[in-house]
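**Student:** Those protein sequences? They're chains A and B, same order as listed. With the first letter of the first sequence counted as 1, position 317 gets the number 317 in my numbering; the numbers rise by one all the way through. With the first letter of the second sequence counted as 1, position 56 gets the number 56 in my numbering; the numbers rise by one all the way through.
It is worth saying that the hints were derived from the structure and are not from the lab. Worth double-checking, as some hints may not be accurate.
No more than 16 angstroms apart at the CA atoms, straight line, and that leaves these computed lysine to aspartate or glutamate pairs for EDC-like [stated by the list, open to error]:
| id | chain 1 | residue 1 | chain 2 | residue 2 |
| --- | --- | --- | --- | --- |
| 1 | A | 86 | B | 87 |
| 2 | A | 225 | A | 186 |
| 3 | A | 225 | A | 185 |
| 4 | A | 86 | B | 84 |
| 5 | A | 131 | A | 92 |
| 6 | A | 225 | A | 301 |
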Amino acid sequence: MEFAIEAEGLVKTYPKGVRALDGVGFSVARGTVFGLLGPNGAGKSTTVKILTTLTAPDEGRAVVAGHDVVREPLRVRRSIGVVGQKHGIDPEATGIENLRLQGDLYGMPRRKAKARAQELLERFGIADAQKRLVRTWSGGMQRKLDVALGLMHRPDVLFLDEPTTGLDPEARTDMWSEIEQLAREEGVTVLLTTHYLEEADRLASQLAIVDRGRIVAAGTPDELKSELRGDTLLVELGDSANGRALAALATADSVREATVDGRVLRARADEGARAIPTVLALLEAEGIPVVAATVSRPSLDDVYLRHAGRTFEEAER
Amino acid sequence: MMLKTRQTISLTIRALLALWRQPWFVAITLVQPMIWLLLFGALFKRVVEIPGFHGGSYLHFLTPGVVVMSALFAAGWNGMGLIEAIDRGIMDRFLVTPVWRGALVGASCVHAAVVILVQTIVIIAVAFAAGTTFSASTVVVMLVLPVLLGGAVAALSNAMALVTRQEESLIGAVQFVVLPASFLSSGMMASNLLPGWIHDVARFNPVNWTVTAVRSSDWSLIGEHAGLLIALMLVCGALATRAFRVYQRAV
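Full structure from sequences and hints, please.
**Tutor:** If you want it as C-alpha cells, here you go:
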C-alpha cells in the first residue's frame, strides 16, 4: 500500500520541559481520511506542526507526500495544504484577496489561480461575500475560507487541525459534509485532528487515539469498537446504591465490567437486549429503583475509556 | 528568483492594503512628525543664537532630525504587524507554504519604506510652508537615506517580534531605543556643540550617519554613509530571516 504520511517515533519536548510527544508513529494510506483523536493537550497539534514542517521533531522521522519533513521541508510544503487550529485567514483583507495571496505564495499562474479561487468560493458557497472584509464574515464562513486557502494549490495531502472547534452545531454538520465530499471529489488525503468523538467516527476511515503524547490505539472505527466485544448497558439508578448495585449484578454471567459512577451504572454484555431484563430483575430483587436503562453499540467514548483509562470528559477537564 | 520577487510584492501589497484600511493610524502617523517639527522648532527657536551654531533658521536645521526620528519610530513599530500575524495564526499559515523567509522580511521593510517616504514628504512640505527651503539634491538625500535606515530598523523590529512574540516587549524596545538614539546624534543640536562623549558615541550611531549625510553637500561623505546604511540593512535583514528559525523552534 502506498502511504501519504508515515511517522515514526516522533518526540518533541518544549523549552519548559513539557514533553508534548513521546514517540508517536502511524501511517496514512493515500486518498483516505485519517483521524487523530484525543483530548486537548494530548499532542495532536504538535504532531500536525511537525508533519507540516512548522516545527522540527527532537527525535523520530516523518515522510509526507514522499518527502522527509526535516530534510526536504520545501518539497513537503509544496505538496500539502494546512488548515490550522487557529484561523489562518487575514480578517483585514477580503476573501478574494486572501485567496489571491495564497496563490501568489505558491507561485500559481495568475489565470489558473483566479479560476481556482472562484471555483473554491462557489464550492463553499461564500462567493457572494468575496469582496467584503473577512472580519465581517460569520465564523462558519471564515472556517470555510480557511479550508479553501488550504486547498488553493490542489495539495496531495490536506491537514485539518480541529476544523470544527468553535463552530455552532449547524455549521459543524455543514463542515462535515464538506470534508466528506473533499475526500471523494478532490482525491486528497486528509489528516484530521479532533476532540469530538462523533466527528472522528463519522469522517475518518482510519483512526489513532492519542493520549499524553502517545498513540494508545489505532484502527478503523469499527475495529476499535468491536475490540470491546458487545454492547454498553447504561442504567440510571434512583439512588446512589453503589455497593449494593454491583453486588446484585455479581451473579449475572451475561454482564461484565460493571462500574458505578454516582447514579449511573455502566456494564458490558455480548447481547445487550437480552441482558437488560436480567439486570433489571436483579436490581429490583435488591430493591434498587431504576429510572432509565439504555443499550448502545460500543462508541468511541468506550474505546477511549478502555485505552486511556479515563473517560473523554475527564481527560478534557 | 521570479517567485521570490512575486511573493515579496504580494506580501507588501497585503501590508499596504491593511495600512490603508486604518485611516486613523495613517492620520496619526502623518500628524505626529508635523507636531515634532513645529513644536521643537518653536521651543528651541533661539538655539541658533548660541555661539558656534552657524546661524540660519533652527527649523531648517531641525527638519532632517525630525525626518530621521520619525523614520525610526515608523520602522520600529513595523514588527507589531508581525506579532498580530502571529497571534492570528496568519504567520503559521505563511510558514507552511513555500514562501521565502526573505520575502516576509522584505515585505515588512518595503512597507516601512513606503510609510517613511510619505512621512518625509509631508515633513518637507510643512518645512517649506513654514518658510525654509532645501536644494533639490538635499531633498533627494533626505528622501533616500532615512528609508535605508528605516529598512534596517524595520528588519530588527521584525527579528525582535519573532523572538519575543509579545507586543509589550516590542513597545518597550522601541521606546527604549528611539529617543536616545535620536538625541545621541546631531539631529537636534549642532555637532560641534554636542558634549564630548555624545559626539564620540554619535560617530557610531546610524541615526547620526543619516542626519549628517542629509546636511552635507559632500557627495563622497553622502555615498560613504549610504553605503554604511545599506550594509547595516543587509545585516539586519539576514538577522531577521534567521529569527524565523528561533520562532519555529518555539512553536
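**Student:** Under the constraints set out in the numbered hints, which ones does this structure not fulfil?
**Tutor:** 2, 3
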